[in-house]
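Enquirer: Next come the chains, spelled out residue by residue.
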Amino acid sequence: MTTPTHDLPTPEGGPDPGGTGIAGGPGRDMDEPPKGGSFLGYLLRKLGGALTSMILVIVLGFFAFRMLPGDPVLKIAKERPMSPAQIAELRSQYGLDKPVIVQFWDYLVGIFTGDFGESYVYRKPVASLIVEYLGPTLLLTATAAILSIGLGLWLGQLSGWRRNSTFDKIMSSTSLVFWSVPTFWLGLILLMIFGGTLQWLPTGGMITPGLDPWSFAGMVDIVKHLILPVITMVAVVYAQYLMVMRASLIEEMSEDYLTTARAKGLTEDEVRRKHAVPNALLPTVTVVFMHIGGLIAGAVTVEAVFSWPGLGKLTFEAISGPDLPLLQGTFVVFSGIIIVMNLAADIVYRFLDPRVRRA
Amino acid sequence: MMFAPHKLRRRLVTGLAGLAGLALVGSMATAPVQAATEEADDSKVLRIATDGFIDSFNPFTSFYLMPTNTFKYMYENLVANSAEDTQVSEGLATEWDTDSEGKVWTYKMRPDMKWSDDEPLTSEDVAWTYNQIMKKEEMAVANGALVENFDKVEAPDESTLVITLKEPQANNPGQEIPVVPEHIWSKVDKPGEFKNEEDTVGSGPFQLESYEANKSVTLKANPNFWRGKPNLDKIQYRYYTNSDAQVQAIRSGEVDFITGLTPEQFKAIESAENVETNEGNGRRFQGISINSGLADADNKEFGTGHEALKDKKVRQAIRAGIDIDTLRDQVLQDYGQPATSFVPSVYETWALPKDDPAITGFNVDKAKKLLDDAGWKEGSDGIREKDGEKLQLRFLTDADATVEQNTAKFLKPWMKDIGISLKNEASDVDTVSERTTKGDYDMYFSGWSLGPDPDYQLFINTCDSRPDADGNGGTSQDGYCNKDFDKLYQQQHVELDEGKRADLVHQALAQHYEDTASITLWYPNQLEAFRSDRFTGFTKQPTEGGIIANQVGYWGYTSVEPANAEDASGESGGMGAGGWIGIAAAAIVVIGGGGFLLSRRKKSDDRE
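So the protein lines, in turn, are chains P and C. The first sequence begins at 3 in this note's numbering and counts up one residue at a time. The second sequence begins at 5 in this note's numbering and counts up one residue at a time.
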């Protein structure tokens, strides 16, 4: 899925689908001719890229899942007393009796009118299902994002500043170990220790059934349920922020203005906090944006382990269906989020870094 | 700017510390209270772990396992299947009769029954329900096959129901169709699309109270249930996506019942405190389906099955070359019953008796002789050949299923011993299902779950139920076709004398065994566990060595009652979960706040 402007995050190298490579910044377009300071031109180019990506995603979303083996209707009918008439009725209810090209047309028309079709399993509009399950996913990923960004950047700048020290080595290596651990495995281990054996934390779900999520007890209950999945997600992703921050700070450390700052009589600590870190933060901004999309996609695994009732779990169930309309819907939404986040990263970066504006 | 930067920073620090402290104190304070109230409510709530799909709770359209299991508690059938031995027994009807042919079935209803909303339950509700399924396509999605043979259904008076069939049948037609109240459902605008997700009205022991997708399903006891109000107040299903999490949940006491454990999980949970296990004879068989030459209903052949397998002797040789007892012991760790045919031994009446003369055992010499007789002679490398072709077979398995992979490992050397080269083609479930539909296999690992009457499973082994090459049309177990078998099927289908019918079923099963369209390996046990410190009195089906979940009927949980109340106390010693939550919440606030402060500091510094 390459676009004229830059790559979408790929699963390569990361434990999560959507875990992007740690290197690289904002998708700077080295091969494109510099375009004066016209913000509009820049915006249009980026928008065009995003739009092309989106069109590819929409087309792919239809055909990729149709290539999956397995007939949803036969799978449903398996091991059930079903008459051929019943099977034919299901096929026509699902629209599977129409030619593929007609199905594709219906799908395209549907998408542009905001109608993602009806889920086979839930028998509800896909759009309303996605809206319904988006909340828990946002809660989980936002918490995990804030914590992993905070932790990663903070430890990253400390590591970078003391490059090659014991602290740096320990920090870099532990984060990389977590990063390479399979999310599913780490989640299960945490679940067994803190849920099953020690019984400190719940083993699954988002809230104890019967509690009102808006009451105080309900909120405390949600926090309890949130801890293990969030720790799992943070452990697996904070390394990428740590490494970017570290690399970025190391790059800044060779700059002359730090020498100037030292010459003014500032302490090392002050030089780091007041001069080096703020500048080093710049390239991390785009990485952060790009990874938010990836993080939401990464929720699939964590939600499946901890029975978190979000979009990830919905997708997980749709795959085993196979619930084609639901798969198409979540695929388009996940990809859409990633594309929008990339676009936002490009735009924000241009505001933040004057060098891009000048380029 | 109203504050000097350092003042702002101090304010933030105090504010955040305060928040963290509040969270800590708050959660510590509320946790015990909450535990106490939960305990009071919970002692009569049976919490069950589930991961089942739910499309809706509409018994006319939903066919997923989880809702179907729930319907068994919500809506009764005209006749039930007993807990003792799954035989047809009293349900909404107390007695029934059929004409000499088995074509007109007359039922007498139990008097003075009430729906859960106090309205009277009569034969008219039954007639209305059946007629909906018979007459409206959208109402036949789930149970259409069960009324296919119905000609008409009438309620001549409030306590009588008459079903007239198109063709005679021996299997009681009043089973398995959930009966709904006409006074509720006839008022629903589009009953085919009705979700039926809360406060249902039915006659079974439990009614649906609420459903939250992917979170929980709550059933409440029905005081009008004619066998008497259940001891439990509620049954609550809680969602756990993966089965390892379910095991942890019962260990920690978050749920009271789990089912569908693997042998490894079952062994691990056996030693857990306050947990009791149940190893129930399942109603499923597993076996190896053999491609004996697939053809559609017009006898047009399709698929890529090996030519050699069309010869009965080769198929019998494969069976003789498999040491099923060792396989069951090693692969299934003996969590299963020895099998004779595709009808599980829990259905005692119908299952093929172990001493049937058709049954043969593991015998390598016999296997070799059968292959010799079939003209497959041993080549220089030990693999048999005929007309220059090697006897090489493909065995299709699900790569994710441990049992299937281990079976393949044992089968390969055993087949080599008798001169067959076996290639394990492990794949994902969807690919397996697609390839088997198209007949693109030689052998594959298969299995089915059966209801209490063998008619349907026998039917899908007749010539008529073979699908076409695209998988459309009928449903077939192994693509099997034998006119003698079909004749026996027809005879048992209309034989009203149960003894005679059982004999015909046994003959059909023996014929199928002899033809070896598949090799039934075992009937896996259903492995279950429950919290013995909280509940007791689960009813198994059959009562001797049976299962608790997935029964044909509502026996499993209806008899459950709380165990000795004193034992069921909550958290023990140490810092409770509340304390830890508080600490974690505080940590989140502090870390989150730290990041925020860092950024504030940077900005304020910039201004200096």
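Derived from the structure by calculation, the hints contain no laboratory data. All C-beta atoms in this analysis are idealised placements derived from N, C-alpha and C, irrespective of residue type, glycine included. Some hints could be false.
[Said to hold, decoys possible] Distance condition first, Cα-Cα at most 27 angstroms in a straight line; then the derived DSS-like pairs of lysine-lysine: (1) P/K100 - P/K77; (2) P/K126 - C/K224; (3) C/K224 - P/K77; (4) C/K199 - P/K77; (5) C/K487 - P/K80; (6) P/K100 - C/K427; (7) C/K199 - P/K80.
[Claimed, not checked] Derived coverage of chain P by chain C (criterion: at least 3 residues anywhere in the stretch with Cβ under 8 angstroms from a Cβ of chain C; other residues may be distant): (8) 59 to 70; (9) 189 to 195; (10) 311 to 319.
Enquirer: Determine for every hint whether it applies to the structure shown.
Expert: Verification of the supplied hints:
1. P/K100 - P/K77: holds, 19 angstroms
2. P/K126 - C/K224: holds, 26 angstroms
3. C/K224 - P/K77: violated, 32 angstroms
4. C/K199 - P/K77: Given that 27 angstroms is the threshold and the Cα spacing comes to 22 angstroms, the pair holds.
5. C/K487 - P/K80: holds, 25 angstroms
6. P/K100 - C/K427: violated, 38 angstroms
7. C/K199 - P/K80: Since the Cα atoms of C/K199 and P/K80 sit roughly 23 angstroms apart, the hinted pair holds (cutoff 27 angstroms).
8. 59 to 70: With 1 residues closer than 8 angstroms to chain C, the segment 59 to 70 of chain P misses the three-residue bar; violated.
9. 189 to 195: holds (count 3)
10. 311 to 319: holds (count 5)
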